[in-house]
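Chemist: So the chains spell out like this:
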Amino acid sequence: MTVNTDYLKEQRGQEWRVELRKKIKNKDRLTIERVKMPEMDPMERIKYQDKEVNLGLTLDAAMREASRCMDCANPTCIEGCPVSINIPKFVKNIERGEILDAASTLKETSALPAVCGRVCPQEKQCEARCFYVEKMKKDPVAIGYLERFAADYERESGSMSIPNVEDANGVKVATIGSGPAALSFAGDMVKLGYDVTVFEALHEIGGVLKYGIPEFRLPNSIVDVELDNLRKMGVKFETNFVVGRTASVEDLEEQGFKAFFVGSGAGLPRFMNIPGENYNGIMSSNEYLTRVNLMNAADDSYDTPVLKGKNVAVIGGGNTAMDSVRTAKRLGAERAMIIYRRSLEEMPARVEEVKHAMEEGIEFINLHNPVEYFANENGRVNKMKVQRMELGEPDASGRRRPVALDEYVELDVDLVVVAVGVSPNPLIPSCMPDLEVSRWGTIEVNEDKMQTSIPQLFAGGDIVRGGATVILAMGDGRKAAESMHGFLKEKYNL
Amino acid sequence: MNRIVNKQYLSENVVRMEIEAPLIARSRKPGNFIILRIGEKGERIPLTIADSDITNGTISIIVQNVGVSSKKLCTLEIGDEVTDLVGPLGKPTNVHKVGTILAMGGGVGIAPLFPIVKAFKQAGNRVVTVLAARSKDLLILEDEMREWSDEVVVMTDDGSYGEKGLITAGAERVIQNEKIDECIAIGPAVMMKFAAMLTKKYEIPTQASLNSIMVDGTGMCGACRVTVGGKTKFTCIDGPEFNAHEIDFDEMLMRLQAYVKEEKDAQAEQQ
Amino acid sequence: MANLSTRFFGLELKNPLVIASSGLTNSLENIKIFAESGAGAVVLKSIFEEEVYFEYEEMMRKQGGSHHFHEHLDYFDYQIKDENVKDYIRFISDVKEAVDIPVVGSINCISSGDWVQFASKIEAAGADAIELNLFILPSDLNKSASEASEFYLSTVKAVLAKVNIPVSVKISSYFSNLGGMVKELAEAGVAGVTMFNRFYSPDVDLNSLSLKAANVLSSPSEYVMPLRWIGLLAGRVECQLAATTGIHDADTAIKMLLAGADAVQLASIFYHKGPAYAKELLAEMEKWMDEKGFASVEEMKGKLSFTNAKNPGWYERVQFMNYFGEYNG
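Chains as they are written, first to last, in this note's numbering: chain A, 1 to 494; chain B, 1 to 271; chain C, 1 to 329.
Treat the hints as calculated values from the structure; they're not laboratory data.
Computed from a prediction, not measured in an experiment: that's the story for all the values here.
We treat Cβ as the ideally placed atom computed from N, Cα and C, and that holds for glycine.
One thing to keep in mind: the hints can contain errors.
Said to hold, decoys possible - Beta-carbon label-pair distances, calculated as ranges:
| id | chain 1 | residue 1 | chain 2 | residue 2 | range |
| --- | --- | --- | --- | --- | --- |
| 1 | B | Val260 | A | Val409 | 24 to 34 Å |
| 2 | B | Gly230 | C | Leu217 | 35 to 45 Å |
| 3 | A | Glu10 | C | Arg61 | 45 to 55 Å |
| 4 | C | Leu217 | A | Pro394 | 25 to 35 Å |
| 5 | A | Glu253 | B | Ser11 | 42 to 52 Å |
| 6 | B | Glu81 | A | Arg400 | 49 to 59 Å |
| 7 | A | Tyr7 | B | Gly230 | 52 to 62 Å |
| 8 | A | Glu390 | C | Ser144 | 12 to 22 Å |
| 9 | B | Asp150 | A | Leu494 | 55 to 65 Å |
| 10 | C | Ala213 | A | Thr31 | 50 to 60 Å |
| 11 | C | Leu217 | A | Tyr7 | 55 to 65 Å |
| 12 | C | Leu141 | A | Pro38 | 26 to 36 Å |
| 13 | A | Thr58 | B | Val260 | 30 to 40 Å |
What the hints assert, rightly or not - Once the Cα atoms are required to be at most 27 Å apart in a straight line, the calculated DSSO-like pairs of lysine-lysine come out as:
| id | chain 1 | residue 1 | chain 2 | residue 2 |
| --- | --- | --- | --- | --- |
| 14 | A | Lys308 | B | Lys91 |
| 15 | C | Lys86 | B | Lys91 |
| 16 | C | Lys121 | B | Lys193 |
| 17 | A | Lys385 | C | Lys86 |
| 18 | A | Lys236 | B | Lys261 |
| 19 | B | Lys261 | A | Lys310 |
| 20 | B | Lys261 | A | Lys47 |
| 21 | C | Lys162 | A | Lys385 |
| 22 | B | Lys233 | C | Lys310 |
Take the sequences, apply the hints, and build the full model.
Modeler: Right, here's the structure in full:
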């Protein structure tokens with residue numbers, strides 16, 4: 001996304017911003033310690049699948065943290081944000097106590113601020129580009145905590161603002177999928193006056209936010225409020241609708257839909273194709289998390305079952321692996337282990353998730369990789385063989401790559417969750433032969449426009465990237481909305 | 001939405017329901033299935049579409065009253081609504097004209113077999129159908145099958161109707177009597193396993209439709225994975241029909257047991 | 001008409017001309033031409049362990065920037081490998097269907113591990129034999145010579161234990177005791193050894209003062225090295241031998257056979273002259289044999305090997321000595 005610098009300059013020049021900058025000397029701002037996020041006690045929190053670990057900042061703490069921000073003339077933090085939130089503006093609004101204004105600033109560009117405040121890898125994005133980090137080698141302003149604070153404050157205040165929506169232009173557009181990319185797209189398009197329908201295959205809207213990310217990290221109720229917001233803006237939601245099966249894109253075009261955004265996600269779990277991987281008790285993180293998060297399997301009053309394990313191994317080192325292993329701990333595992341073939345340093349998971357996992361007693365068996373599973377007479381996994389690894393030369397990502405050693409260890413396990421990534425869902429490409437896809441099944445798009453080989457079809461998120469963070473997917477949704485708007489304006493003289 | 005417009009007991013434990021689902025009725029093909037959910041606390045269960053009526057905008061499903069969710073479904077009456085219903089899912093049957101088809105259906109597997117028999121007959125094939133049930137009162141859809149088959153052989157375990165014996169006995173006799181070009185087998189996994197062994201012996205291409213455990217039905221969870229020809233496939237998007245001679249039925253039987261303990265606990269709770 | 005039939009890869013070949021694994025044997029069209037032109041066997045382009053690694057690297061580079069810690073890339077090498085293996089298996093079956101000469105699958109490995117599993121997949125896909133392209137440039141100063149040879153032997157043994165089709169090995173000359181190594185490989189049970197693998201070599205660009213790739217293709221002068229070792233080892237190790245590198249014409253191929261090779265593997269020359277050159281080359285070989293009165297390849301094979309030659313000292317001589325004359329002319 002291009003950042004509109006004139007707009008930023010104009011905003012920064014507003015009187016209240018100028019006053020606020022004068023109020024505290026930068027030298028004094030620098031001396032303030034970064035706020036610490038209050039957390040639920042680890043031994044207490046592992047008893048609950050649905051209680052959030054981070055408790056959120058108090059108003060005082062948030063205002064104090066906001067006052068650390070220098071309101072830089074050249075706010076590099078915005079460049080680090082895939083949806084280009086006007087970060088200084090919202091932070092400064094918190095500093096002066098106008099929290100609701102801070103919240104509506106977030107909503108100018110983000111459809112899901114309460115979500116992003118919780119799940120974005122800020123340490124690799126906005127916070128990595130903060131003046132404190134880039135110039136002072138100090139801890140960055142806690143932009144993520146502040147974002148969450150503003151969004152939560154507004155929600156709890158009961159006076160949620162609904163962003164301005166332009167007059168309806170009567171043009172129907174649809175999203176295929178309802179995850180972060182699609183929701184972000186829907187939010188932007190409805191603001192521009194389009195008649196937006198979100199089609200979702202599952203019975204709940206939200207995609208990975210609902211089936212994937214556990215409630216201890218992102219409560220479903222938070223997601224629901226954001227969805228409600230979109231609904232109030234006029235977005236229509238259709239669940240239990242598989243585009244390409246229930247009705248085809250052509251059918252929808254006949255019903256008057258002029259353009260589509262495909263955000264159908266990276267649906268297919270990947271396995272490692274090693275011996276024994278189909279034994280019972282070995283499942284994908286998608287299955288495990290969907291059972292627990294979407295289907296509430298941990299609650300006995302729900303019908304969906306989930307296998308519980310005493311010794312649970314989770315394969316992988318990403319956020320999904322952390323979510324799975326911490327879920328296993330909460331469902332009563334005595335031993336909940338991460339099996340990762342690199343070391344702690346190379347893990348792709350958010351730093352905070354790794355820290356939380358460690359506090360909760362998760363064992364990290366790093367530099368090990370599964371090679372085979374064994375089962376009891378009923379076909380239930382009871383043992384796994386893991387191979388020792390060492391780190392070799394750095395690869396293109398700068399991380400040292402794992403090299404297998406001829407040393408093996410056996411571990412007793414009764415549940416294994418494989419969290420080694422996902423592949424794009426083939427459903428949409430398989431029913432649209434003209435749609436260009438890559439060797440890996442991702443939809444090919446023009447990167448500036450997110451437009452596919454079928455002009456009225458745009459795409460973003462995991463179905464294009466193969467895998468992405470929530471916020472990158474949202475960035476794609478915004479970009480697609482902007483260019484689809486251009487496309488439709490031209491085509492239909494809007 | 002998803003209103004039940006007709007309900008009929010085919011046997012003591014098997015119910016046929018006709019549900020309003022105009023979009024699915026229009027787009028479904030033989031071999032497709034749906035996933036439904038009863039109540040906000042219900043689980044998602046896959047069921048094959050037995051028939052559809054485009055004019056009335058309804059689909060028919062046939063469900064056996066075993067297990068927590070099926071029981072919940074069976075308690076619904078005409079006028080009630082199914083909470084969630086999504087489909088059609090899975091790859092449809094490759095219906096084409098080949099000559100003579102041998103269709104083997106066992107137990108409640110006769111239900112998903114029915115639309116396939118009908119489609120092959122409509123495509124101009126000769127269809128010989130062998131149906132099997134434990135006893136006479138558990139046999140379903142016999143009349144419908146007779147309507148769409150050139151010949152029907154009925155086998156029962158206890159000999160209470162048709163011939164006494166397993167489905168494979170009836171099928172083998174058909175194979176010995178006339179040239180069969182293709183087979184399709186649907187029923188309990190064990191039955192399909194033996195049906196596949198039989199047709200392999202005679203080298204007749206055979207499809208089997210699997211009823212694996214599923215959660216989402218769109219390829220997301222991988223619970224339905226099955227080994228076919230040495231490769232892992234997902235029943236929901238790669239199937240549900242596969243080359244029966246390549247399916248690892250033993251693994252499939254093992255995987256069907258994955259939640260047996262949990263299911264028992266849930267039933268105990270309900271009682 | 002001379003009888004050209006021979007044995008290599010543990011297989012009956014109608015002639016000793018084997019099309020070596022190269023970019024040319026990556027295409028079904030080329031392979032069909034090779035077969036039509038009379039080649040004795042074809043070794044498919046290797047599936048490279050390294051290729052998977054490079055593709056993975058490229059992927060990370062492309063999606064790099066500040067977000068390169070992408071979770072989905074963390075194990076992506078598994079998927080790349082799966083995909084490459086799948087493509088290769090499909091290729092083997094396609095080639096097997098299209099031609100009736102023996103088809104040899106080739107694995108290029110730099111480490112053992114699951115590449116061994118891959119050998120059974122090549123077998124299942126219908127390959128007639130497997131060539132292992134074992135590939136270490138011993139540049140690691142901390143590894144001893146015995147560690148390197150141990151790696152070769154253990155990899156070979158692991159593959160032999162997995163498959164029933166014959167396994168051959170293509171080796172480089174970087175061994176402290178090359179002859180001993182070949183002998184050990186033969187004793188381990190390989191059907192044949194091909195000498196020598198040609199490494200990509202570095203060169204210096206004097207204009208830009210940087211490193212560049214040296215000639216990728218072999219040059220005719222390179223044949224003397226394999227010639228020496230084929231000659232030295234023929235008849236003294238329990239496996240078949242093939243020569244490769246620098247064989248660009250019928251004469252050189254014949255020299256190799258006379259030195260004791262059971263077959264010759266050619267690639268570079270076909271880049272210059274096209275796959276159909278195989279026909280010409282075979283015709284020239286036959287012509288020479290007729291002229292010299294050889295009725296079969298068997299008859300001429302090893303005629304001038306270390307064991308059979310009248311003046312075998314040539315194989316062992318490493319320094320020019322005035323005493324032996326020849327060059328004082």
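Chemist: Run through the hints listed earlier and report the numbers of any the structure violates, in increasing order.
Modeler: Hints 3, 12, 13, 14, 18 and 22 contradicted; others consistent.
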